Amino acid sequence: MKVLVCISHVPDTTTKIKFTEDNSALDKEGVQFVINPYDEFGLTRAVWLKEKEGAEVTVLTVGGAEVEPTLRKALAIGADNAIRVDQEATDGFQVAKQIAAVAEAEKYDLIITGRESIDYNGGQVGGMVAALLQQPFINACVGMEVEGDKAELIREIDGGKEKLSAQLPFVIGGQKGLVEESDLKIPNMRGIMQARKKPLDVRPPAETAPRTKVGTFEKPAPKGDVKMVDAENIEELVRLLHEEAKAL
Amino acid sequence: MDHYQAPDYYGVDELLTEEHKLVRGATRDWVKKEVSPIIEDYAQRAEFPKQLIQGLAEVGAFGPYIPEEYGGAGLDQISYGLMMQEIERGGSGIRSTCSVQSSLVMFPIYAYGTEEQRKKFLPRLASGDMLGCFGLTEPNHGSNPGGMETHYVDKGDHYLLNGAKLWISNSPYADVAVVWAKNEEGRVHGLLVERGMEGFSTPETHNKWSLRASATGELVFSDVKVPKENLLPGKSGLGAPLSCLDSARYGIAWGALGAAMDCYDTALRYAQERKQFGKPIAGFQLQQKKLAEMITEITKGQLLVWRLGTLKNEGRATGAQISMAKRNSVEIALKIARDARQVLGGMGITGDYPIMRHMMNLESVVTYEGTHDIHLLITGMDITGENAFK
Numbered sequence: 001m002k003v004l005v006c007i008s009h010v011p012d013t014t015t016k017i018k019f020t021e022d023n024s025a026l027d028k029e030g031v032q033f034v035i036n037p038y039d040e041f042g043l044t045r046a047v048w049l050k051e052k053e054g055a056e057v058t059v060l061t062v063g064g065a066e067v068e069p070t071l072r073k074a075l076a077i078g079a080d081n082a083i084r085v086d087q088e089a090t091d092g093f094q095v096a097k098q099i100a101a102v103a104e105a106e107k108y109d110l111i112i113t114g115r116e117s118i119d120y121n122g123g124q125v126g127g128m129v130a131a132l133l134q135q136p137f138i139n140a141c142v143g144m145e146v147e148g149d150k151a152e153l154i155r156e157i158d159g160g161k162e163k164l165s166a167q168l169p170f171v172i173g174g175q176k177g178l179v180e181e182s183d184l185k186i187p188n189m190r191g192i193m194q195a196r197k198k199p200l201d202v203r204p205p206a207e208t209a210p211r212t213k214v215g216t217f218e219k220p221a222p223k224g225d226v227k228m229v230d231a232e233n234i235e236e237l238v239r240l241l242h243e244e245a246k247a248l
Numbered sequence: 001m002d003h004y005q006a007p008d009y010y011g012v013d014e015l016l017t018e019e020h021k022l023v024r025g026a027t028r029d030w031v032k033k034e035v036s037p038i039i040e041d042y043a044q045r046a047e048f049p050k051q052l053i054q055g056l057a058e059v060g061a062f063g064p065y066i067p068e069e070y071g072g073a074g075l076d077q078i079s080y081g082l083m084m085q086e087i088e089r090g091g092s093g094i095r096s097t098c099s100v101q102s103s104l105v106m107f108p109i110y111a112y113g114t115e116e117q118r119k120k121f122l123p124r125l126a127s128g129d130m131l132g133c134f135g136l137t138e139p140n141h142g143s144n145p146g147g148m149e150t151h152y153v154d155k156g157d158h159y160l161l162n163g164a165k166l167w168i169s170n171s172p173y174a175d176v177a178v179v180w181a182k183n184e185e186g187r188v189h190g191l192l193v194e195r196g197m198e199g200f201s202t203p204e205t206h207n208k209w210s211l212r213a214s215a216t217g218e219l220v221f222s223d224v225k226v227p228k229e230n231l232l233p234g235k236s237g238l239g240a241p242l243s244c245l246d247s248a249r250y251g252i253a254w255g256a257l258g259a260a261m262d263c264y265d266t267a268l269r270y271a272q273e274r275k276q277f278g279k280p281i282a283g284f285q286l287q288q289k290k291l292a293e294m295i296t297e298i299t300k301g302q303l304l305v306w307r308l309g310t311l312k313n314e315g316r317a318t319g320a321q322i323s324m325a326k327r328n329s330v331e332i333a334l335k336i337a338r339d340a341r342q343v344l345g346g347m348g349i350t351g352d353y354p355i356m357r358h359m360m361n362l363e364s365v366v367t368y369e370g371t372h373d374i375h376l377l378i379t380g381m382d383i384t385g386e387n388a389f390k
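Protein chains in written order, with the numbering used here: chain A, 1 to 248; chain B, 1 to 390.
Keep in mind that the hints were calculated from the coordinates and are not lab data.
Since the structure is predicted, the reported quantities are computational estimates derived from the model, not experimental observations.
Some hints here could point you the wrong way.
[Unchecked claim] Listed next, the in silico BS3-like pairs over lysine-lysine satisfying Cα-Cα at most 30 Å (straight line): (1) 16(A) to 50(B); (2) 50(B) to 18(A); (3) 18(A) to 275(B); (4) 227(A) to 33(B); (5) 163(A) to 150(A); (6) 16(A) to 32(B); (7) 289(B) to 198(A); (8) 290(B) to 198(A); (9) 197(A) to 21(B); (10) 32(B) to 28(A); (11) 52(A) to 275(B); (12) 16(A) to 275(B); (13) 223(A) to 275(B); (14) 289(B) to 16(A); (15) 300(B) to 197(A); (16) 185(A) to 21(B); (17) 50(B) to 185(A); (18) 300(B) to 16(A); (19) 50(A) to 33(B).
With the sequences and hints as input, model every part of the structure.
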């Protein structure tokens, strides 16, 4: 069984976000990058498939050389090999095209992406990869049991969960629930040493062009002050809604 | 802890490889998950969190630089240092356990042991199935280990060991002790004394105000029959235990910086949040002086240990250089802990913050593995050629 885990290289969740002077890009100076947390759940689930079923786990990132430490960490956690598609990731479609091009050549049985990445939160890549490969896509996947070429899956839907059956190959958008936070693996020293020897294959990008372009970034407006109004004083509340908040 | 910002004022990270950063990040994640949530409670109750041994072994904190064939990870010395830094940021007691296991137990067995001894002990020490300790200091011989009274007599098919060792980290829980004792000619040799050998006991030292989450005790040998195959044949004389101490002191030089970083980070954040006279106390000059001096000393210390690690990787670090780094790191860590405690005012003495725990732990670290004064005399002897110890 060949499993591909798509890894996004994203700023750590505690990063204080700044933009470059013209607000056209994230200012990466001093920013720590990590494995996208949604992808980490998927990676851990894939490593379980390796441990229990002998799956071969490949991790893939689309990006420049600066993403390699993230791939090495994934190898230290337990992936068998890594692929970096040598192209700056610009939009979801472009990334999906690159992943699909690799997947077409390598024929994976299962492709795991995160439900979304925590940097731009596009949530597009998994669905697009599945569409490009004409495979089923199970998003917001919170449970997966694979038996032979069949799988029982659970995905989150509005107000509940849905149980599904699917036949390999397919693509999932994973999140917490595939494994729990306490299951996430901290790489150990032997894993880090072994990662040094595992293959990290740098591949030229397939021909594709992004379909969206960033204009500028801006931060959300700071939250305003809270005004407390006495529960008895409805007139004051109406006045404030009308005159200050201009909501009425 | 969630918001911990590792100080790196001079971009020292750029001197590290990606692998070093991965080692540090993994250790930091492990400490955050396993040590930080419990350490204060164990220190308050003066209990050794024995359950961490398995986790320390899994992450690879026991013998990270020992070759893989003996259960280690085969990492370099800077990786080892970074691990000790992150573990001591969690607690000096836990770091002490790792230092002892790696540098004082696994190192001498690897460096001076027979192939049989290596195969018997190292994988089990690396996996945490066995805990080790190191016996050099005695009740009457601390800074003067050469005066040791513990001795053994060759009885033909075994050695008969008598004596006592004091201030031994891990001793109450140790399965094996690397014990330094004199033979009939007065020459110091290392013996592997195993729990269960008749006449061998390990009473615990109680009522410590320092390293409360670490188990400390004695090693008492009363006519202990030690099999001859338990002698470390590779090296004898005081140089053998001192070489182990060099390795451990090197780890301490990094570790104490970790404690200092934790105190600095805590004090900086507290000073930015705590308001007096209508503004954060970080805006007052006397607080800024403390914080600015802290980051200055941490930065100097970081460069010192990084360079020492580079020399050690090349096999060129001298004992005197290691002494200087151990002494410097612990000295600045203690001063930073005391200053940080003052920044926090009354809150600094509570267990809600790690500072007072670090400060009390460092009072042991400044004395063990060569006292602060002795390390100064090592530097003094190294530069003048004159021995001022005795």
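In ascending order, which of the hints set out earlier in this document are inconsistent with the structure? Hints 1, 2, 4, 7, 8, 11 and 15 are the ones this structure does not satisfy, whereas the remaining hints hold.
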